[in-house]
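Engineer: Here's the letter readout for the chains.
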Amino acid sequence: MAKLKRDLTMEEQLSRGPVDLPFLMLVVILTVIGAVTVFSASYPTALYEERSATYYFVRQAVFAGVGLGVMYLASKVNYQVYRALSVVVLGVAILLLVAVLIPGIHTDRADGVRRWIKLPIAGTFQPSEAAKLGVILYFSARMSKRNSEKHKPFNRRSFLGRALSWLDKVGILEMVPYLAILLVIIVLMKFEPHMSGTILILIPAAAILFAGGIPLWMVGVGGVGAAGLLVLMMTGYQADRIDIWRDPWAHPRDGGWQIIQSLYAIASGGLFGVGFGQSRQKQLFLPEAENDFIFSVWCEEMGLVGAIVVLALFALLIIRGYWIALHARDRFGSLVVVGIITLMAAQVFLNISVVTNLLPTTGVSLPFFSYGGTALVIELAEMGIVLGVSRQVRAAK
Amino acid sequence: MREQDRRREERERSRPEQAPNNKANRTVLIRTLVLMALFGVIVFLPLLRQLWSIQITHHEEYQQKAINQQTMDSAVAPDRGKIVSADGEILAMSATVYNVILSPHDFKTLQESWDKKFLDDNGQPKTSRKDYYPRPEADQIAQGLSTILNIDAAKTEERIGKTSSYYEVLSQRVERETADKVNQFILDNHLSNSVYCMPTSKRYYPKGSLAAQVIGWVNPNVDNTGAYGMEALYEEQLAGKTGRVVTAKDGKNRELKYSFQDYYDATDGNDVNITINTTIQYYCERILEKGIETFEVQDGGFVIAMDPKTGAIKAWANSPDYDLNQPWTVSDPVLSEYLTTVENDPAAAEDAYDTALKQMLNRQWRNKAMNDSYEPGSTFKTVVLAAALEEGVVSESDHFYCPGYYQVGEYTIECSQKAPGHKDQDLAKAVANSCNPAFMMIGQRLGAEKFYQYVKDFGFLEKTGVDMQGEGKSIFWSRSQFIAPSTQQNSYLATASFGQRFQVTPIQLITAASAVINGGHLMQPYVMESITDPEGNVVEKTEPTEVRQVISEETSERCRKILEGVVDGGTGKRAYVPGYRIGGKTGSSETVKEETDDPIINKGKDYTIVSFLGFAPADDPQIVVLLAYNAPKPAVPGSNVTSQDYYISGGNMAASMAGELLENILDYMGVERQYTEEEKAAIDMTVPNLVGQSAQVGVEAAQNAGFTVRTVGEGDKVTAQIPVGGAMIPNGSQIVLYLDAEKPDEPVKVPSLRGKSLEQAREALAKLDLYLKVGGSDRYLSSGATVATQSVSAGTMVEPGTVIDCTFSDNSMVRT
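Chains as they are written, first to last, in this note's numbering: chain A, 13 to 409; chain B, 244 to 1059.
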């Protein structure tokens, strides 16, 4: 027997508000376009692997359906529960990050990379996905309490106490838990290794800290630190990638192949594209045409016009996402949405930068498009959280 | 105040979070807006710029590269045009054959996909599957293909093992039947993509070695382009245009069916119709071969037959020759003997055989009657004669005295007829004798300048422009050298007057000689008659081209008459053919340049080129031939005769061959024989069958047929005759008719005729009612000719009326 509205608590009533329709529509449109693109991009691979042409598409469509369902459910959850849950999510995520390193749990790959946990039905699952969510929720929860935190009463007589007291005052002390968590995650993921995943955890984390109001000088220090780290990586063992990025044609066999094929695909599209389903580059020229390089296939088939349409949909989704953050009922909701939207925006940017050779190759998939069941479900679940926040946005007067 | 401050501070310290929230909220708001601007707008700008750059700016460039890798370009070979002789025989044609290609890489892929499909998790084959077939294995495939293609199985297996390769040619140019077998094998063993037959074309030469150097061949190692001869010269016309089929392929190099395809049609090559007549060519090659065998010729030779009026080359034979279908095989006996020597020489260097093979191949491929120059010898006198007559410096009534030598400045130059020489002779006789002193005198009368001018006008200083590859150049003195007033110059002029100490190409000589006899027109020789497209429309046609008129019609006519005298009793008498008026000029050049580096023969003193330039009919020349044999082998070094007792000279050797050749050609061309009274007497006639006729009718018929008649018996009816009807006996011979009388059937004994003259032999036989037939090629019976051989040997008993075939030889030597 359903409760009557008056029986609901205030909280419950709030969480029954209407979802943000523009955001929902954008998510659905992108998911549908993504699934259809998977069909077009994946059938040559499927046929080559002697599978049914619709093998990848059917799987992706099923996951999209499940994902949309999960999104709906997630939107129904009163997001306030994530405040408490965030610690659990983060804890579990870290445990999974440890677990994935254990032989027998991760998938066996020739290259020895340990990013995926074997799952019975869904296939595989990346613990880094859980870590992203964990970090976003936990950071948001912690940042939203920031203003109510009292300065710790340190013993001002001891030197340590005075130092701590000073650190507390300038705000460094409050950063310690964040940095510690990130450090643990970075170290664990280094073992996988999974650099792109690490970046995708760092960016939303940084966005939450930034939006949460940490002092600007810290933002500056963080920015400089990140830049320094990047330069360090470029000069180190990643230097090859930089070479390839600068001139893929100089390395047609040892690494440049993918990006060359991607550029051929995108360029072949021209302004209006070769027509849906007509991509020739997906005919086993473009590796991972249904995955990281799916946008190249889209560009080839739909041209610059099609590319702009998808980018515009993403841009609208992102802007609407931040709009929800701005209108969220409380700081926590606001920060969670900032985190999730920033994460998605970063993925979009990194993926398209890679396929257009704007940035060196990193394995970042394109949200809603790239083939991958669990990733899609998690993405949609995250969108569900955003929608959940949108339910509690106060109606315009 | 202090109190107030303290309180306020306290209040601030314990201020609930609401109070500074406004500021913090503002911070969050602003920073979220910053993020919105950054991630919602700004990051998209470089992406858009990049996309624009790729899709618009670099669109064409990258798309082209993409298309290059996405398409397979397969060539569609056009049919190469035919080469057709003047009498409509196909000399060269193309047919489709197949190259069998193996892709070891794809074979490996094939095996891998088999494994994927038919192996279960334990690595056991799923034999129960409906579509199961045994796994293709390298050894068994190699075995099967090797059996079909007749290649080495072990090597094939080794090639299948080269898995990084996509293209291994297993066999080239196999016939359709074999290709069909291969295709069936591919089907049976599920090998598609890894083994396939590629159509290509193969050139066939139905006439084998006929006119090999003129036709040339197609080299499959150089993209099927023509090598040598017509094949090379008219490559563009013959080849046609290669078509293309562009098909889409995927990243694994597999053709994408039902995807886009573009066809660019192949244009078949045009046919080249040449002036060579296969029958005349065959006669020329046969006579060349015959002469080489008869005279033990060591360095081959050539025969050119040309239409003197147009310059169309009717035949062009070279020896050594080769089979166009197997250009890399040396079949000439002289060349292969040399190769065997090199091969078996234990002292030879390692690559000696290869070097020798290359030399021999080059030797058989080249058209020496055009690529190389030679010393023309006395054949050149035709040109000198024409020039002198045209200039009016000599006339038929002029006399020349030959003491056997001629003094030019300090040089004494001997005549071929050594002292006392030819003595007194008129112009015609001097030419018939091929007298060198007479021609030195003629040369002097002409003078160096005029002489040089005629050499030039007759085309000896330029290429003839014949449409063949690699026409050689002559070697002649420069004008300033030749006309310089010095003793040396005199000797240049003197030797040039009888065709020595300079070199011309055979094609130049025959072209100039044609001008001498055809009314003075120097024609440009040609081989290509016309080019027709595959539908038969004429694309190009060669019209006879006159380069210039060198001498007048009248001079030409005088030359013909004088040159006819060469064959009619002169040095060229062995070229005589009853009924045909043949003119010509013999030639022997005894010294060529001292080339000691030739692998086969020392081109030193014993290297003689014997040649004959002939034309017929003398009053209206329709064919001109030039024959040459290089280096008949003397019996012993320095000797003038071969081991078969042939005197080494153009008159003795080349002329007799030319006679037979011209007879063949003229018969073939349907030129009617016109016998002189004298010839009519010697001609063989068919004896009519008169048995059963009345006496009077029989006698009249026999007399009308040109025989004399002797009757035996007194009856009214012819009951028997000698010889029997249908026998061939010389005109004017006596026929015996038996009128109601018995024909004696006692055999008679054949007498020995050796050494008897024609008259003596005929008489000796007539006494016995036997008949004489003049046989052999040498039909000119000089007064000195005696019976050399007889068809029925002396002492044999034969029936009366038997015809005895005798060959005659003239032991008087023909020196030039």
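Don't read these hints as lab results, they were simulated from the structure.
Glycine residues also receive a C-beta, built at the ideal position from the N, C-alpha and C atoms.
Please note that the accuracy of each hint is not assured.
Unchecked claim - Lysine-lysine pairs mimicking DSBU-like chemistry, simulated, CA-CA at most 35 angstroms apart: (1) LYS672/B x LYS876/B; (2) LYS495/B x LYS157/A; (3) LYS876/B x LYS450/B; (4) LYS960/B x LYS130/A; (5) LYS130/A x LYS495/B; (6) LYS266/B x LYS88/A; (7) LYS130/A x LYS359/B; (8) LYS706/B x LYS450/B; (9) LYS130/A x LYS360/B; (10) LYS992/B x LYS960/B; (11) LYS992/B x LYS162/A; (12) LYS181/A x LYS706/B; (13) LYS130/A x LYS706/B; (14) LYS164/A x LYS266/B; (15) LYS992/B x LYS130/A; (16) LYS373/B x LYS359/B.
Unchecked claim - To list a few chain A residues with every Cβ distance to chain B over 12 angstroms, as calculated: (17) GLY29; (18) VAL48; (19) GLU61; (20) VAL104; (21) ILE278; (22) LYS294; (23) PRO299.
Engineer: All the hints need checking, so say for each whether the structure fits it.
Structural biologist: We went through each hint and held it up to the structure:
Of the supplied pair hints, the one linking LYS672/B and LYS876/B holds, its CA atoms being roughly 30 angstroms apart against a limit of 35 angstroms. At roughly 58 angstroms between alpha-carbon atoms, LYS495/B and LYS157/A are farther apart than 35 angstroms, so this suggested pair is violated. Between LYS876/B and LYS450/B the alpha-carbon distance is near 31 angstroms, which keeps this suggested pair within the 35 angstroms criterion. For the hint linking LYS960/B to LYS130/A, the alpha-carbon distance of about 128 angstroms lies beyond 35 angstroms, and the restraint is violated.
As the CA atoms of LYS130/A and LYS495/B are separated by approximately 31 angstroms, the hinted pair is consistent with the 35 angstroms bound. Restraint check: the Cα-Cα separation between LYS266/B and LYS88/A comes to about 32 angstroms, which is no more than 35 angstroms; the hinted pair holds. The straight-line distance between the Cα atoms of LYS130/A and LYS359/B is roughly 23 angstroms, inside the 35 angstroms bound, and the hint therefore holds. The straight-line distance between the Cα atoms of LYS706/B and LYS450/B is roughly 30 angstroms, inside the 35 angstroms bound, and the hint therefore holds.
Of the pairs offered as hints, the one joining LYS130/A and LYS360/B holds, with about 25 angstroms between alpha carbons and a cut-off of 35 angstroms not exceeded. A threshold of 35 angstroms between alpha carbons decides the hint, and for LYS992/B with LYS960/B the separation of about 29 angstroms falls inside it, so the pair holds. Taking the CA atoms of LYS992/B and LYS162/A, the gap is near 158 angstroms; set against the 35 angstroms cutoff, the hint is violated. The hinted pair formed by LYS181/A and LYS706/B fails the criterion: a straight-line CA distance of about 107 angstroms is larger than 35 angstroms.
Distance restraint check for LYS130/A and LYS706/B: the Cα-Cα separation of roughly 87 angstroms exceeds the 35 angstroms cut-off, and the hinted pair is therefore not satisfied. Taken as a hint, the LYS164/A and LYS266/B pair is honoured in the structure, with Cα atoms around 22 angstroms apart against an allowance of 35 angstroms. For the suggested pair LYS992/B and LYS130/A, the alpha carbons sit about 120 angstroms apart, so the restraint of at most 35 angstroms is broken. A hinted pair counts as satisfied when its Cα atoms are at most 35 angstroms apart, and LYS373/B with LYS359/B qualifies at roughly 16 angstroms.
Every beta carbon of chain B lies more than 12 angstroms from that of GLY29/A, the smallest distance being close to 21 angstroms; the non-interface claim holds. Distance check for VAL48/A against chain B: the nearest CB is about 21 angstroms away, which clears 12 angstroms, and the non-interface claim stands. At roughly 9 angstroms, the least C-beta separation between GLU61/A and chain B is not larger than 12 angstroms, which violates its mark as non-interface. Look at VAL104/A: its CB is around 28 angstroms from the nearest CB on chain B, clear of 12 angstroms, so calling it non-interface holds up.
Its closest Cβ contact with chain B, about 5 angstroms, brings ILE278/A to no more than 12 angstroms, contrary to its assignment away from the interface. Consistency note on LYS294/A: stated as away from chain B, yet its beta-carbon is not over 12 angstroms from all of that chain's, at 9 angstroms minimum. Look at PRO299/A: its CB is around 8 angstroms from the nearest CB on chain B, not clear of 12 angstroms, so calling it non-interface is violated.
Going down the numbered hints, you'll see the structure goes against 2, 4, 11, 12, 13, 15, 19, 21, 22, 23, while the others check out.
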